[in-house]
Structures are given as C-alpha cells and as structure tokens.
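Chemist: Listed in order, the protein sequences are those of chains A and B.
Letter by letter, the first sequence follows residues 1 to 109 of the working numbering.
Letter by letter, the second sequence follows residues 110 to 452 of the working numbering.
No lab work stands behind these hints, which were simulated from the structure alone.
Predicted, not measured: the structure shown is a model, and the values here were computed from it.
It cannot be assumed that every hint is accurate.
To be verified - Cross-link-like lysine to any residue pairs, in silico, SDA-like; alpha carbons within 25 Å at most:
{"id": "1", "chain 1": "B", "residue 1": "K233", "chain 2": "A", "residue 2": "E16"}
{"id": "2", "chain 1": "B", "residue 1": "K233", "chain 2": "A", "residue 2": "I58"}
{"id": "3", "chain 1": "A", "residue 1": "K32", "chain 2": "B", "residue 2": "V356"}
{"id": "4", "chain 1": "B", "residue 1": "K392", "chain 2": "A", "residue 2": "C70"}
{"id": "5", "chain 1": "B", "residue 1": "K246", "chain 2": "B", "residue 2": "E330"}
{"id": "6", "chain 1": "B", "residue 1": "K392", "chain 2": "A", "residue 2": "C86"}
{"id": "7", "chain 1": "B", "residue 1": "K392", "chain 2": "A", "residue 2": "S90"}
{"id": "8", "chain 1": "B", "residue 1": "K233", "chain 2": "A", "residue 2": "G19"}
{"id": "9", "chain 1": "B", "residue 1": "K392", "chain 2": "B", "residue 2": "F258"}
{"id": "10", "chain 1": "B", "residue 1": "K262", "chain 2": "B", "residue 2": "N344"}
{"id": "11", "chain 1": "B", "residue 1": "K307", "chain 2": "B", "residue 2": "E330"}
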Amino acid sequence: MHELGITQNIVAIVTERAGNLKVNRVKLEIGKLSAIVPDAIRFCFDLCAKDTLLDGAILEIVEIDGLGKCESCGAAVPLSVLAGLCNCGSRDIICIAGKELKIKEMEVA
Amino acid sequence: MCTTCGCSDDAKPQVINLQTGRSQSLLPEHSHEHEHSHSHEHPHSHEHPHDHEHPHDHEHPHSHEHPHSHEHPHDHAHSHDHEHPHSHEHPHSHEHPHDHEHSHSHEHSHSHEHSHSHEHTPQKSKIIQLEEQILAKNDKLAERNRGWFQGSKILALNLVASPGAGKTALLERTIQDLKNKVTISVIEGDQATVNDAKRIQNTGAKVVQINTGAGCHLDAEMLALGLKQLQPENNSILFIENVGNLVCPALFDLGEDCKIAILSVTEGEDKPVKYPHMFQAAKVLLLNKVDLLPHLNFDIEACKKYALSVNPKIRILEVSAARGDGLDDWYKWLQEYQLSSRN
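Model the full assembly from the supplied sequences, consistent with the hints where possible.
Modeler: See the structure below:
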C-alpha cells in the first residue's frame with residue numbers, strides 16, 4: 001500500500017507550490033509500468049487532501065503506455081509488462097516510457 | 110489509526126540502536142510532517158465571495174404573467190425575445206458547494222436567452238505547470254546517502270525479499286564467515302520488533318533496527334537517521350535488510366550501491382515474473398535454501414529463466430545459508446564488487 005505514502009507526497013508537493021491558494025485540480029502522469037495503481041491513488045487522495053488546500057480538488061490521472069528500446073537493434077518495443085521480447089530475438093530491452101510518476105500541473109484559484 | 114496519514118498510533122516508526130539501547134522516534138522528521146491541521150478555518154467553505162445577491166435570482170420580471178402567453182393570434186415567432194443579458198460564465202465552475210439553484214428553471218417556452226452577466230469571479234484560476242517527480246524528495250535524500258557512502262568508501266547493499274526468504278540467516282552466516290576479512294554492519298528494517306537486530310548483534314556486528322510501524326518499506330530518510338545511529342566504519346560493508354516485501358522497496362531508492370534480491374526455493378519459481386519490478390531493480394539474485402531442493406517441486410532452471418526474462422543482466426547464485434552451499438561464490442562476488450565500487 002505504498003500509494004498512501006505516495007499520495008501524501010503529492011499533497012505535500014502541491015501544498016508547497018500552491019502558496020495559500022486553493023487548489024482546484026491536480027493532474028498526474030502515471031506510467032502503466034510504474035507499480036503504482038491509479039485507483040489506489042484516487043482512493044487515498046480525498047483522504048490525504050482533507051483539510052488541506054487540496055480539499056475537494058479534482059484529481060486527473062493520465063496513464064502512460066509502456067515503451068522499451070531494444071539494446072541490441074535499437075527498435076522500439078511496446079511493453080505491457082516490464083519485460084519484453086524484441087522482434088530481433090533480444091530480451092535486452094530498456095524501458096523508456098511507462099515508469100512515470102509525476103505531478104504534471106495544478107490549477108489554483 | 111490516523112486518517113490523515115494512515116500511521117497507527119500503536120506502531121510508531123522508530124530507530125533502535127542496539128549498541129546503546131536507545132530508540133528515537135521517526136515521527137517528527139519523517140514525512141508525516143504534514144501537520145494534522147484539521148481544525149482551522151476552512152477558508153473557502155463558508156462565506157463564498159459570490160453569495161452576493163444573484164441579481165436575477167428572484168424577480169424575473171418576465172417569468173410570471175406573460176400577458177402574451179395565452180393564445181397569440183399573431184403566430185409570428187415570438188418576437189418578444191427579451192434577452193436578459195446575464196451570461197453566467199462561472200469561470201470557477203468546478204464544485205459550487207453553495208448550490209444556488211437558479212430557480213428560473215421553470216420552462217420558459219418562449220426563448221429569451223438569459224445571459225445575465227453576474228460574473229462571480231473572485232480570482233481567476235491559474236494553471237501551474239509542475240513537472241515534478243513525486244518521489245523527488247526521497248530520491249534527493251537517497252543521493253545524499255549515496256554521496257556519503259562514497260565519501261566513506263562504504264559498500265551499501267540493499268537486501269530485498271519476501272518475509273521468510275532467509276535474509277537474516279544469510280546475513281548472520283555472511284558476517285560469521287567474513288568476520289576476519291571485512292567489517293560489516295547492518296541496518297535492519299521491520300515493521301516491528303528488534304528480533305532480527307538481536308540475531309545480528311549476536312554475531313558481533315554493529316546493528317541498528319528501524320521499525321517502520323505501518324510502513325511497508327524503508328525510505329531514504331529513515332536510512333539517513335539509521336546511519337546517524339549506526340556510524341558505520343570507513344571501508345566497510347553495510348547491509349540494509351529491507352522490510353520483507355517484494356513490491357514497495359523496489360520504488361524507494363535508499364542510496365545503496367545495489368539491490369540484492371533473495372528468493373528461497375520454498376517459494377514459487379515464478380516470483381520474478383510476478384514481481385518484475387523488484388527483480389529488474391536487483392543486480393544479484395540469491396536463490397536460497399537450495400539444500401531443500403530434493404524435498405521440493407521447485408524448478409530451478411525455470412526460475413532462472415523467469416529472472417533473466419525480466420532482467421537479462423541479473424547475476425544468479427544458488428546458495429544455502431543454512432548448509433553453506435554456494436556461499437564462496439557469494440563472497441567472491443562481494444569482494445569483487447567492493448573492489449570495483451571503490452575505483
């Protein structure tokens with residue numbers, strides 16, 4: 001249940017950046033290979049946001065598909081899980097997208 | 110349980126120094142510094158600046174008694190389009206907690222466009238681009254730990270595994286066997302108890318126990334506090350025994366040189382593909398308890414294949430901490446890695 005700690009981080013970062021303004025919306029980017037479950041973040045968000053500047057804010061989560069690059073031939077390999085197999089036969093694939101865990105933007109008023 | 114952070118009152122995160130017997134709470138400086146601020150003024154919830162009289166609210170002059178509404182003998186299309194120019198653009202249109210129902214919702218069959226411009230715009234909302242890594246704080250602290258390790262020439266190894274894979278047993282054996290060759294100290298992570306730290310203490314090594322309370326992993330801040338207590342020697346090896354868990358410890362960098370995953374053959378051979386993050390993050394996989402293989406259905410070759418499929422570079426060693434199988438390879442790897450990390 002590391003999503004709880006991660007959501008606390010989100011609230012802490014946003015609060016710090018919001019000054020004293022009320023936060024109406026927070027947009028996250030979460031990669032599908034990040035080992036973070038968006039629904040768990042949503043579940044924790046209201047709890048963590050309560051009585052902060054984020055209370056009642058809308059949480060938007062953009063999920064990013066996994067993408068790898070083959071270290072042998074350089075081809076791009078879509079990844080649905082962390083490991084993949086390139087058409088060239090190599091399993092030596094580095095993940096270049098899908099591990100994002102980022103606060104993209106926030107809307108304050 | 111605290112509803113703000115989920116921390117449990119009866120499970121306080123703390124660092125226990127086995128050498129001095131002193132314990133220190135992790136709470137004040139730990140990430141729970143979110144100051145449970147639930148009492149003071151909900152600035153927005155009452156007195157919304159826009160509960161200023163909606164001028165259109167009551168008194169729609171046209172709304173009742175339309176004299177023309179009964180049988181228009183002249184059937185030209187209602188030429189009386191009295192445009193109430195009140196165009197309510199609520200720029201803050203999300204969640205009006207003060208739901209002032211514009212009561213003029215009764216169907217005006219005649220199409221006068223209400224466009225009353227009572228703009229309740231106390232402030233305009235503003236979008237701030239952040240592009241901020243959520244784990245940035247942990248990563249920064251981890252880099253600080255890493256720099257400290259490098260400066261002190263300490264090899265820091267983060268041991269990760271399920272509960273019961275044999276992390277502590279492997280450490281006990283390793284410390285005993287290498288006692289005369291290298292100084293080893295240990296930071297133990299568990300949700301509760303100092304049981305593991307006591308086992309390590311019995312080997313004569315310096316040890317500090319971190320109890321994470323409700324936490325399921327060590328983070329860089331906890332480690333930094335543990336290091337302050339432990340004071341590991343220069344040119345030594347530090348083993349960090351993480352909380353038994355194959356999920357979260359993969360995400361939290363502690364500043365270690367590398368992660369060592371331990372998988373015991375009493376577990377399923379498909380663990381590497383079930384928990385790919387952990388096995389991808391590890392540099393070495395120790396397959397422990399191989400002395401038990403004759404009694405099990407564990408397919409060790411399949412397990413290796415699974416591990417290599419998620420991490421083609423992982424080094425796999427078969428060991429038994431109890432009987433001693435394969436430990437020479439493990440010690441050799443340790444020695445070589447320590448040498449290479451110093452250069």
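Chemist: For each hint, tell me whether it holds in the structure or not.
Modeler: Hints, one by one, checked against the model:
no.: 1; hint: K233/B with E16/A; verdict: holds, 20 Å
no.: 2; hint: K233/B with I58/A; verdict: holds, 17 Å
no.: 3; hint: K32/A with V356/B; verdict: holds, 15 Å
no.: 4; hint: K392/B with C70/A; verdict: holds, 20 Å
no.: 5; hint: K246/B with E330/B; verdict: holds, 9 Å
no.: 6; hint: K392/B with C86/A; verdict: holds, 22 Å
no.: 7; hint: K392/B with S90/A; verdict: holds, 19 Å
no.: 8; hint: K233/B with G19/A; verdict: holds, 15 Å
no.: 9; hint: K392/B with F258/B; verdict: holds, 18 Å
no.: 10; hint: K262/B with N344/B; verdict: holds, 5 Å
no.: 11; hint: K307/B with E330/B; verdict: holds, 23 Å
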